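Trainee: Chain by chain, the residues:
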Amino acid sequence: MMLTCAPPHLLARTRGLLGAFIALFILSSGRLLWLSLPQKTSEFLPAPVSAKAAPLFFDRSGTLIAGNITTYSVYANAKLMPHKAKAVRALVRCFPDLDKKTLERRFESQKGFVWIKRHITPKQRQALLSLGLPGVFLQKDIKRVYPQKNLFSHVLGMTDVDGRGVCGLEKAYAKRKGAVRTSLDSRMQHVVRSELLKSIQEFQAVAGNAVLLDAQSGEILAMVSLPDFDPNNPNDVNRAELFNRNAMGVYEFGSVFKVHNVAMALEQGTAHLGSVYDASMPLRTGRFSIQDFRGRGGQLTLQEAFLRSSNIANAKIALDAGITRQKNFFKKVGLFDRISLALPEMATPLVPRTWRQSTLMTASYGYGVSITPLHLARSIATIVTGFNVPLTLEQRQSQALQRQSVLRPQTVRNIRYLLKQAVFKGHAKKAHVPGYSIGAKTGTSNLLSPNGTYRKGENLVSCVGAFPIHNPRYVLLVSLEHPKPSAKTYGFATAGWIAAPAFRNIFTRLMPLLNVLPSKDVISH
Amino acid sequence: MTKHMVWSLGILLCAGLSVMYTKYYVASLRQLVAEQERACTTLKNSIHLLSLEWAHLNAPERLEKLCTQFLDFTPPQNDQMKGHI
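So the sequence lines, in the order shown, correspond to chains L and H. Counting from 1, one number per residue, gives the positions in the first sequence under my numbering. Counting from 1001, one number per residue, gives the positions in the second sequence under my numbering.
Just to be clear, a hint being listed does not mean it is correct.
Listed below are several chain L residues computed to face chain H (Cβ distance under 7 Å; list not exhaustive) [as the list claims (entries may be wrong)]:
hint: 1; residue: Thr63
hint: 2; residue: His190
hint: 3; residue: Pro485
These aren't lab readings, by the way, just hints derived from the structure by calculation. Model, not experiment: these values are computed from the prediction. Ideal Cβ placement from N, Cα and C applies to all residues, glycine included.
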């Protein structure tokens, strides 16, 4: 109404002004709408590097055994460095372990990205920042840390500088997210490692290994191979230290195989504890002669042959059973299969292609068939429990496990009896732990050289056994390579003098950890 | 017409302002969430670092060495076991 009364020139101005306001308003509203729409914006704060690059490993009691820490690494853009010589001098002052010439060469290359140093310490980072070098940058990085150092070296393996698993569980679980609860126990692992180390030092052995299994659940509670390495310093590790004897080493274990041989005869019904064998004369096969370590045995029952560890009698036990039965039994207790375990480096047993009469006889006392210590420990667990349980390095509930019975209860009872007798009367006397009923068998064998000949005087001494022997729960195998005789062993470098005491020392220290009380009955026995 | 236009413009203005307010409110909340997440991650990393330190300090080998050196402790013998732990 007011507009219609106004003069025409004013009306035109007012309309123009109104139009301008409306246009401005529409523009402002449009801008508001535009701003309110979701847009590609960067995060308000840079996301921190999460320390979960590789899975965390825990032992069975929840102790962290491998983790990650956030560190910084230094790199340079050579194109952005105005004074390269000055930068090199400053960097070498800051990181004395850097090589001056290498740095100069790298910077001369004019590359846009050159690593200077990985995983620096917070102190070094502060020193570097205070230098204020143009073209030198810091990048967040993740470093793998093993707080127990050497303790789990062969099982866990290690990672390279970029955090990629190169061996052990680190390699096997490289792509796994989250945490891994292993079956290993830090305390048991330490006991096994320290006692094995003591024995190696005492008898100047070249190497040694030990495995502790839970025979009911198949869990590996401790697994040690010496010499080992510190996975925190992957650059200092040599090939010999990397070798995991328990998984990669294949050995002829000698007399411990008599457990398998006797179990085979008892299981197949070709012998019983009272069967008699003549061990008075060496047994000839082709150009070889089978003899006993401790002179002539005379007429021996199967029990005596086992306790005296007679090669002749055991070869005769095997001859009575025959090749097919022996092969079938060895297969049944898992001596021929590659063990299915998370570790990527698992060896396959070395078994002769053609199983001759000589193989039958030598295999009866532990030659001719080469297996890993894990194979031996697993097969002993099968023989003393009667069940075949797959091994694992992850924690497992034994109640939920489907166990496959492979041996007759009578065979299992007889073998437990023989193993117990071997500790009281046989060569494994030094494996006896007062107060506890342990069954064990020792074995001494010649080590093979790379060209396939036996190394004279170089032995592998082993002791394998189970506890408690009336209902075995734990199986322990201890082996030492090339131990030297001493005055304490009366010049012997045999398993009974070297491996059995190590076995006893380990179990003596393990018992309190396993919360097992000694029994007066066993002490008096 | 003019009255309707004024109302429409008013509503448009209010809508624009409320959208702008909501957007900035959400942005501030996002910033808060990001800060909280960052604090959580930093805290988790610190806890993880402490777990590693704890594991290192309680490493059986280290404890055994310290016990032998300062406390004259030795591993328990079997005849010392009188009851379940």
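Trainee: A separate judgement is required for each hint: does it hold in the structure or not?
Mentor: Status of each hint after checking the structure:
{"no.": "1", "hint": "Thr63", "verdict": "holds, 6 Å"}
{"no.": "2", "hint": "His190", "verdict": "holds, 4 Å"}
{"no.": "3", "hint": "Pro485", "verdict": "violated, 28 Å"}
The structure does not agree with numbered hint 3 stated previously, though it agrees with all others.
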